[in-house]
Every structure is written in structure tokens, then in C-alpha cells.
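K.L.:
Each position in the sequence shown, counted from 1, maps to that position plus 853 in this note's numbering.
It should be emphasised that the hints constitute simulated quantities derived from the structure, not laboratory data. Careful, some of the hints might be misleading.
Taking CB as the label site, the calculated pair distances span [what the hints assert, rightly or not]:
(1) 992 with 906: 21 to 29 Å
(2) 1008 with 915: 39 to 47 Å
(3) 975 with 1110: 40 to 48 Å
Calculated cross-link-like contacts (lysine-lysine; reagent style DSSO-like; alpha-carbon spacing at most 27 Å) [said to hold, decoys possible]:
(4) 957 with 1133
(5) 917 with 957
(6) 974 with 1133
Yeah, the Cβ is synthetic: ideal placement off N, Cα and C, and Gly gets one too.
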Amino acid sequence: MNFSFIKSLIITALLILFNTINAQIPNNGFETWELDGFGNLNPSGWETTNDDLLISVEPYAPAKVGNYAMKVKVFDLELFPMSGIATSDFPFNQRPSSFSAWLKTTIMPGDAVYLIVSMWKGDSLVASPDSCNFIIDSTISQYTYFSFPISYQSSLYPDSANIMVVAGRSGVIALGTEIILDELAFVTSVGVEENNSRNGFIADPAYPNPASGRLFIPITVNQRTSVEVDLFDQRGSRIRTFRFESLEPGRHDLEIPADNLAIGHYTYRLTSEGTPQTGKFMINQ
854 MNFSFIKSLI
864 ITALLILFNT
874 INAQIPNNGF
884 ETWELDGFGN
894 LNPSGWETTN
904 DDLLISVEPY
914 APAKVGNYAM
924 KVKVFDLELF
934 PMSGIATSDF
944 PFNQRPSSFS
954 AWLKTTIMPG
964 DAVYLIVSMW
974 KGDSLVASPD
984 SCNFIIDSTI
994 SQYTYFSFPI
1004 SYQSSLYPDS
1014 ANIMVVAGRS
1024 GVIALGTEII
1034 LDELAFVTSV
1044 GVEENNSRNG
1054 FIADPAYPNP
1064 ASGRLFIPIT
1074 VNQRTSVEVD
1084 LFDQRGSRIR
1094 TFRFESLEPG
1104 RHDLEIPADN
1114 LAIGHYTYRL
1124 TSEGTPQTGK
1134 FMINQ
């Protein structure tokens, strides 16, 4: 068996694994649409608020990848505007570190769109929608990659998951608010806990991401320790340093002031004992 054949097998196995992870989100690229009883197109594997002539979810082009993305928008109920909703329940048995999507938005003043993720083991919550409720309240005119951290309330592995997309903030719902989504995925960081445990802490992805005003970095400390956080701009220059002294064992959400940071991409580095841990975040307003 020659090297090129072995290499081909490895690449094929990785592609199969990648596609399996994404395939667990039904129709994650929104390429497949089907007609409902009213003649409306709905994304296969998803339930929507489409009803008769009231269209709140529809295919959108150009997509980030492929032919179509999914648009979810506020719709006119004649008496008042209503939130458009698309939701999917599906079998799922992993514990990913984050949920990601390519998206763009149009947000009317005071309004917002929501991405809500939950995971279940039977009737027991593994990841609560209250903790995985991601709000976008600003217009994003070009497709932008977002990664949202998954917060777990249980050590169980789930057997199902739900993703809900909502256009319209309760009490402020405005016509014109919409979100366009493509290429949904769960992201699993392999070996993060093993690497971080040597540092005296285990770090989860920073949130909210993108951030504005404040950034939080969740860490779980397994012994009394101090942690230093360095922020770097996209050129790699260190711009700020924060030190958290004598953290007691347990979970801590390290609060990092992110005000006065320009729009763009940043890297943070956590240092205690052992190998530093790094992560990335965005400022979008």
C-alpha cells in the first residue's frame, strides 16, 4: 500500500467525519426546499411560521455556499407585525463547544434576531436555551462567520437537539427585520480539556462573540490560581493585559472590558501555569 493511497484514505475519512457532523443538523446548507399544503416553500427538516399567504421563511440567493440560504423575516399579520420563526428538532449525541453559521441581517431600530440552541437527554436539559440564546441587534450587510459558545448545564451526552431562528424582538417587532443564514454547523474542539487541565483551569470559548462593550471568558479552576489575559489585535500586537488574582476552585466568567476596541478580529491569551490557551473574538460595533 503506497503513501498516496494511505493519504487518500485519510482525507476521505476526514471528509466523511466532517460531513457526518454537519449532516446532524437537517438541511444545514438550506439547499432542499419542499412545498407545504398552501404551496409555500419550506426548508426540508424545519418547521416554520409560513401559513397560507403569510410568508416569513423563504429561500434566498445568492447563498454563501451553494444555491440557497434561508431568510427568516418579520411578517405582516395586518393588525400587527409578527416574528418569523424557523425551528428544527433532530437526533444529536455530541457535546460541541460552539454553534456556527454564516449570516447577514437587516435590523430595524430597537429590534433584534435570535439564534437559540438547546440539547436534551430524554426530558433532561443538557444545554439550556436560556444559556444558548444568541442575540444580534445590528445590521450586518455582508455574509459574516459567527461562532456562538454552547453552555452546558449537565455532564450528560444529549440524544436530541433543537435550533430555533427568530426574527423580531418581543414588544419591538418591526417590519423589515430579517436574518439570512447559511452553512449551520456544530464545532467540536478536540483535546481542549486535556490541554487546558495542565494549566490549572479549563477554558470555554469567549462570549458574546461578536462582542461590544464587554467580553466574558468562562473558565473552570481546579485549584487556587491566578490567570493573566492578554488581548492582541489582528496584527499580533498586544494591546491590553488583565490579571485575575487568587481565583478559587470552581467556575469563573472573567469579565474583559471591550469598549473602545475598533471593529475587527482579536486574539486573547490566557496564562497561568503550563501552556497558554488562546482564543479569538470579534468586535462588530
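K.L.:
Hints first: check each against the structure and report whether it holds.
P.N.:
Okay, the hints, checked on the actual structure:
With their beta carbons about 27 Å apart, residue 992 and residue 906 fall inside the hinted range of 21 to 29 Å. For residue 1008 and residue 915, the Cβ-Cβ distance of about 42 Å falls inside the hinted range of 39 to 47 Å, so the restraint holds. The given range of 40 to 48 Å is respected by residue 975 and residue 1110, whose C-beta atoms sit roughly 41 Å from each other. The hinted pair formed by residue 957 and residue 1133 meets the criterion: a straight-line CA distance of about 20 Å does not exceed 27 Å.
Between residue 917 and residue 957 the CA atoms are separated by roughly 10 Å; this keeps the pair inside 27 Å, and the hint holds. Taking the CA atoms of residue 974 and residue 1133, the gap is about 30 Å. The hint is violated against a cut of 27 Å.
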